[in-house]
Amino acid sequence: GAGVSQSPSNKVTEKGKDVELRCDPISGHTALYWYRQSLGQGLEFLIYFQGNSAPDKSGLPSDRFSAERTGGSVSTLTIQRTQQEDSAVYLCASSLGTVQYFGPGTRLTVT
Amino acid sequence: ILNVEQSPQSLHVQEGDSTNFTCSFPSSNFYALHWYRWETAKSPEALFVMTLNGDEKKKGRISATLNTKEGYSYLYIKGSQPEDSATYLCAIPRGKLIFGQGTELSVKP
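The listed protein sequences derive, respectively, from chains A and B. Using this note's numbering, you'd call the opening residue of the first sequence number -11 and step up by one each time. Using this note's numbering, you'd call the opening residue of the second sequence number 4 and step up by one each time.
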């Protein structure tokens, strides 16, 4: 079956521009997560949606970051006024139970 | 703050070598421990979910053990192959997953 998909796979943007990253979770999965891995760092939690509950935004590094999940399915992570420290691989995952299934990631480079 | 630590940070072995690495986590309020493998240019892939103290799980040449009382898990790879080259991540679930920094394994032919 189809796995988690993310787009774009690569994004190069200029400092100060806004970017949108998209995640299509596995159909029927109620939970959706965003993580990122910056160079030399581990996987860092950003935000987590579970069903209709309020999202857990505790990992968002600043108010320039926001995410939404429409219709309990597709999610968009938006980074406003990008900075060079936002350069990272952004991973989306979805789950129905314990195991999280990851997408291939979006590599964001801010120049 | 929940601290999950992995060691070593990186490991270089020859094909055929057996290897192991460690994940340490707080032993209090333990619920589960996840191991993932992340190959370059691919998605992280779940290897094991471990919940019981003394648990041992196996998948081909890869196995893992769990000690919840002292707060550690070992991942073993027997007879490493170049295709085992990847970053191995452990994580503790707290709604989201709290990951360690990973162990980057490189297996040379």
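A few of these clues could be false.
[Stated by the list, open to error] Below are the DMTMM-like pairs computed for lysine to aspartate or glutamate, each with C-alpha atoms no more than 25 Å apart in a straight line:
| hint | chain 1 | residue 1 | chain 2 | residue 2 |
| --- | --- | --- | --- | --- |
| 1 | B | K45 | A | D51 |
| 2 | A | K(-1) | B | E48 |
| 3 | A | K(-1) | B | E8 |
| 4 | B | K45 | A | D12 |
| 5 | B | K72 | B | E42 |
| 6 | A | K45 | B | D58 |
| 7 | B | K45 | A | E8 |
[To be verified] Computed footprint of chain A on chain B, listed as stretches where at least three residues anywhere in the stretch have a Cβ under 8 Å from a Cβ of chain A:
| hint | segment |
| --- | --- |
| 8 | 47 to 59 |
| 9 | 70 to 84 |
| 10 | 101 to 107 |
The hints are simulated quantities; they were obtained by calculation from the structure and are not laboratory data. Beta carbons: idealized from backbone N, C-alpha and C, even for Gly.
Checked hints:
1. K45(B) / D51(A): The hint is violated at about 30 Å.
2. K(-1)(A) / E48(B): The hint holds at about 23 Å.
3. K(-1)(A) / E8(B): violated, 31 Å
4. K45(B) / D12(A): holds, 16 Å
5. K72(B) / E42(B): violated, 31 Å
6. K45(A) / D58(B): violated, 33 Å
7. K45(B) / E8(A): Given that 25 Å is the threshold and the Cα spacing comes to 21 Å, the pair holds.
8. 47 to 59: holds (count 4)
9. 70 to 84: Not satisfied, violated; 0 residues make the cut.
10. 101 to 107: It holds: at least three residues are needed, and the segment 101 to 107 of chain B offers 5 whose Cβ sits within less than 8 Å of chain A.
Checked against the numbered hints listed earlier, the structure breaks hints 1, 3, 5, 6 and 9; every other hint is satisfied.
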